[in-house]
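With the hints as extra help, turn the sequences into a complete structure.
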Amino acid sequence: MSPLELVDEKWNEQGAESALSVRGMTVSYGESPAVFSVDATVPAGSMTAIVGPNGAGKSTFLKAVLGIVTPLSGTVTVFGRPLAEARENIAYVPQRASVDWDFPVRVIDVVLMGLYRELGLLGRLRKADRARAIDCLSRVGMDGFAERQIGQLSGGQQQRVFLARALAQDADLYVLDEPFAGVDAATERAIISVLKELRAEGRTVVAVHHDLSTVAEYFDRVMMINVRKIAEGDVGEAFTPETLQATYGGRLATTQIDQLTVPA
Amino acid sequence: MLFEALTFQLGYNATLVTIGATLLGVAAGITGTFLFLRKRALVSDAISHATLPGVGLAFILMVLLGGDGRNLAGLLLGSAVSAGLGLLCVSWLTRATRLGEDAAIGAVLSVFFGIGIVLLTVIQTMSSGRQAGLEGFLLGSTAGMLFSDAVLIACGGAVVLALVAWLQRPMILVAFDPEYAASAGVNTARIDLAMMGLVLAVTVVGLKIVGLILIIALLIIPPVAARFWTERAGLVALIAGGIGGVSGWLGAGISASAPDLPTGPIIVLVAFAVFAISLLVSPGRGVLAAVLRYLAFQRRVHLRQGLLALAQGQPIYEKMTLRLLQRAGLVRPDGVPTEAGRARASKAMRDEARWDVVRRAEEWTGAAALYDGLREIESVLTPDQITEIDRMIGGPKVAT
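Note that the protein sequences, when read in sequence, are chains A and G.
Residues 19 to 282, numbered by the numbering used here, are exactly what the first sequence covers, in order.
Residues 345 to 744, numbered by the numbering used here, are exactly what the second sequence covers, in order.
I should point out that these hints are in silico values taken from the structure, not numbers from a laboratory.
Simulated crosslink set (EDC-like; lysine to aspartate or glutamate; CA at most 16 angstroms straight-line):
1) G/Lys383 / A/Asp120
2) G/Lys383 / G/Asp446
3) G/Lys383 / A/Asp118
These stretches of chain A come out as covered by chain G in the derived footprint (C-beta under 8 angstroms, 3 or more residues):
4) 81 to 91
5) 121 to 132
6) 135 to 146
7) 155 to 168
Just so you know, these numbers come straight off a predicted model, no measurement behind them.
For every residue, glycine included, the Cβ atom is placed at its ideal position computed from N, Cα and C.
Here it is, written out as structure tokens:
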């Protein structure tokens, strides 16, 4: 066996342990990078919050990881396989703002979109598929709304429907972009309990999160980004006054930082 | 006359035109739906205007090669090539420069159309070009339609529809939520290009009947009208196909039933009539329904507020509230509540108290989300649940 093959195998083994592995990700919309040379390793079965100030490149990083925007450089491995081969294993919940709410779809149609990949271009929707979609809706407490047009729902309800669509994909890696932005308290509770269920089932959750006060309560790992990666690891170790200061600079007062990182 | 035209009894040419227009309407309505849902309606205008230089060049080329310059297949092939070029220009300008799509459309549309008009003028001066009749492609000309032309239109339309059926899922996904589509591995740029390609095909096929200036109407009006009748994308497409087909059929029939009525413009006017009717009377999104819903809603709000005011013994100042309560037999003309009024008022109060419990309790989060001040609590909770709530509230039972 040549040395090169040995290295390859070792790399693959490392990749297989982690749900998501990103190396040297740089994304730029113009001349200055929005995300610069970020590495990340998300262990399978963990729940990771991506935090950072506005405009720090959190969403951009996620979109580049999923191939929605094309990065300047960087490789992405999902469960040890390149991104293109692992698509069916990833479910994405985009920011609500990215969608046209007057579009002629009902709630159930949105959830069924989660099955398109499985069904292919022409595969017929069967009764079992509809039942599965309804089941996903009931997991987020929205089964009574299946026939509504999507724009008739409140912001929080729309977010739950998007989560239901991701559930329908039955993926192993769930990627969410600000799932709690602008939603009501009931929705926040519903979403976090579903995410915790997912983790209990051994699935992996990565979410951009903007509310620093709930990071420790909701997530077990944190990744802090401000164009570059500042810190990554278990919340207890990586979510510290020092890393917060480094990520947010002068935007957080010292007293706020102390409140956020009270040792558990 | 009109009846004969619509039942294909008005001669050979009229029958060909009517069948062709119907098929074109179906294909354009269905294909246009995806353009409309993707909010790219105006791109089709750039595509259609960009067909003209191709028509001119194809004519010149065919004449130079010693053939008949008016061969429809040749002209359509030329128009498809230049329309494709125009489409690529629009998408390149949008992608690679800071120009918005609207500016790119404006630039491409006018430049290509200008080149086309120059070419048509040149052709006028050619000896074989006098009777070319190429300006018929501007607004459509059905007078000399051949059987082979109709077959060409029918086959083109059928191929387009088959491709639409094949691509409808990714097209809907990209139109609704492009980021999610990309995350699921759909190549959004390629799907967009495919959709534009289908629009291009419909445009080219429709040049003979409605012409390049009005084809956008046949692509866009049917889906816009269909949108009034349904909240499902697939049904929008089917209804749009139906509206397009009926417009083509009726329009061609009307234009055949009287001398000097141009086919293309009449088809467009029929489609517009369907749109106007949809706008006014469709039950969900129509203007009339919206007004009626608003008035009914206003009545419910006033009645409810009035009942709550009665229950709390507050005076009612709004004339509309009083009038509604009186008409429902809930208050006497002097403003004093009747027996029925008092019963309804205390029921309204009771329901408010029940809702209060529901909105506070964790276990009824789903039901509480439905609270809007008007909804009857019986429509959300079962009688058992309401009894349970009443037990929590305590106090006297109210007859319901």
